[in-house]
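> In terms of our numbering, the sequence shown has 126 at position 126, counting the first letter as 1, and numbering is strictly consecutive.
Hints listed in this document are in silico derivations from the structure and should not be mistaken for laboratory results.
Cβ atoms here follow ideal geometry from the backbone N, Cα and C, with glycine treated the same way.
Among the hints, a few may not be true.
What the hints assert, rightly or not - Simulated restraints on C-beta separations: (1) Ala364 / Leu321: 49 to 57 Å; (2) Pro461 / Met75: 35 to 43 Å; (3) Leu85 / Ile269: 49 to 57 Å; (4) Ser450 / Ala281: 25 to 33 Å; (5) Arg267 / Ile38: 35 to 43 Å; (6) Val230 / Met75: 36 to 44 Å; (7) Arg267 / Glu361: 56 to 64 Å; (8) His371 / Ile38: 48 to 56 Å; (9) Gly82 / Pro359: 17 to 25 Å; (10) Val457 / Gly410: 38 to 46 Å; (11) Gly384 / Leu274: 25 to 33 Å; (12) Leu372 / Leu85: 48 to 56 Å; (13) Leu88 / Val476: 23 to 31 Å; (14) Pro50 / Ala364: 32 to 40 Å.
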Amino acid sequence: MPTVATNPSPISRRMNGLPGWSELIGLMLIGLMIFQGIDRWLHVSTLGFPSLCIMVALVPYLLLRGGKVGRLFVMLSVLSAGLALIRLENAPEVLTEALTRAAFFQAFLTAVFTLQEAASRSSTINRVGLFLISQPLRKQSILTLLGTNLMALMMNMGSLVMIGTLARDRMVNDDTGDSGATERGWMTAVAALRGFSPTATWSPLALPPVFLSSLYPEVSLAETMMVGVVISVAILAVSCLFTFWQAAAIARKNHAPDAEAVPLPGRSIARLTLLLSAIFAAIYLSAHRLEMSTSAAVLVIIPVTSCLWLTVGQGHTFGSLVEGPLQNMVFHRLPIQAAETSVIVSAAFLGPVLIALFPMEEAAQVVIGAHLSGAWLLSLIFLGIIALAMIGLNPVLTSTLAIAVLGDPGNFGLTPLMIITVILPAWALAAQFSPYTGTATIVSRMFNVSPERLVFVRNGPFMVLSLTLALLAIHVSHPG
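Generate coordinates for the entire structure from the input sequences, incorporating the hints supplied.
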């Protein structure tokens, strides 16, 4: 019977060290999170300036420690800022807006990533992870898909690291001759990829619902999240059916040996369910009883939850909490995560700057002059976001530009909620259909496979099916 790993978890064991200055970066990220949380909760506008200063101070670190695509986006941000200073009369206002948006994105991601430290050290989550990846192939594929979706609510991209680490440690060689991964490994990889992305459409810990609601103030976050839930269920349903069929075909063809199954950890699953319910309830009650925005509630509640989980749930004293998990989180985990998510933050900065630099009104007139029906326009938005993500453009940027070009959706017989309903699934699917996203990069790295082969070859049939069904749904729901 396999044993459950104790602290440190597989994630903690594989953390790479950073140079000494990462300690300063970690402290800056915590300061940014605190400033943004207080500002958005208590509306202390004076804290906006130190937040912007922190964002500027992070640029050299992101240029040195970010990935290739991340460094490119940071450099583009710097160049666009310089161009704005030269060409725009209102450059200070535009750059302040861009930095403010980037600061919020960075603070929000930092708050969500604090939960990873507690989750990665949790024996409860470890038990669930071991159960998911130790089942017969067909059952494992479905459970991995659904389990990654559940874990993503607490661990974000850390769920992919944990699933990948556990699966790699227990991989069974099925002698298929594939390079980089066995057939079981490939199925685990695509299942994790498909399970992770749907949470982006509705979770209060995900950026898309909060961000899109801010672009269309007339659409409440509650409306966006309810639409996101329906979209998430639809994506998960199609994903489960296709993944089961794919796993069954592989099992019939290759007769892959089954791993030694771990019994269902019922208590662990119940604890995680209660914890998630408590987190979401706390966010909801804070947003409605304390008159906080949902984003402010996340900035405050998630770090507090992480500390409580480590002390009450895992038995750390104040001293061991500071010297162990908090030190690792601030000095190592958060700087690493900031470097890995620099594309998203840079895209958030680029949006307002590019809108100010380029003639969006003229572009809008071109779109109006094309006399496209609502269905065709929504289809182009949907496909455009995914296609541009395939060449490295983050949906944060493309969504901002698309909404700026469209202007008033009423000109096309559409409503803001219709636009959001199309952008949400495009954003979620782009995470698994582009080899340049953090999702595909982490999964491919954990299984030592090419991200291009993972996305376009192994996940290619599902991509074709998903895009076909999504376009069909758009045209059926907007027949005009």
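> Now look at each hint and say whether the structure bears it out.
Hint-by-hint comparison with the structure:
1. Ala364 / Leu321: 49 to 57 Å: 53 Å Cβ-Cβ, so the 49 to 57 Å window holds.
2. Pro461 / Met75: 35 to 43 Å: The hint (35 to 43 Å, Cβ to Cβ) holds, given that proline 461 and methionine 75 are roughly 36 Å apart.
3. Leu85 / Ile269: 49 to 57 Å: holds (54 Å)
4. Ser450 / Ala281: 25 to 33 Å: For serine 450 and alanine 281 the Cβ distance comes to about 42 Å; the hint is violated.
5. Arg267 / Ile38: 35 to 43 Å: holds (38 Å)
6. Val230 / Met75: 36 to 44 Å: holds (39 Å)
7. Arg267 / Glu361: 56 to 64 Å: The hint (56 to 64 Å, Cβ to Cβ) holds, given that arginine 267 and glutamate 361 are roughly 59 Å apart.
8. His371 / Ile38: 48 to 56 Å: Check passed, 49 Å falls within 48 to 56 Å.
9. Gly82 / Pro359: 17 to 25 Å: holds (20 Å)
10. Val457 / Gly410: 38 to 46 Å: Holds, at about 42 Å.
11. Gly384 / Leu274: 25 to 33 Å: violated (41 Å)
12. Leu372 / Leu85: 48 to 56 Å: This hint is violated: roughly 36 Å between Cβ atoms.
13. Leu88 / Val476: 23 to 31 Å: Violated, at about 44 Å.
14. Pro50 / Ala364: 32 to 40 Å: holds (37 Å)
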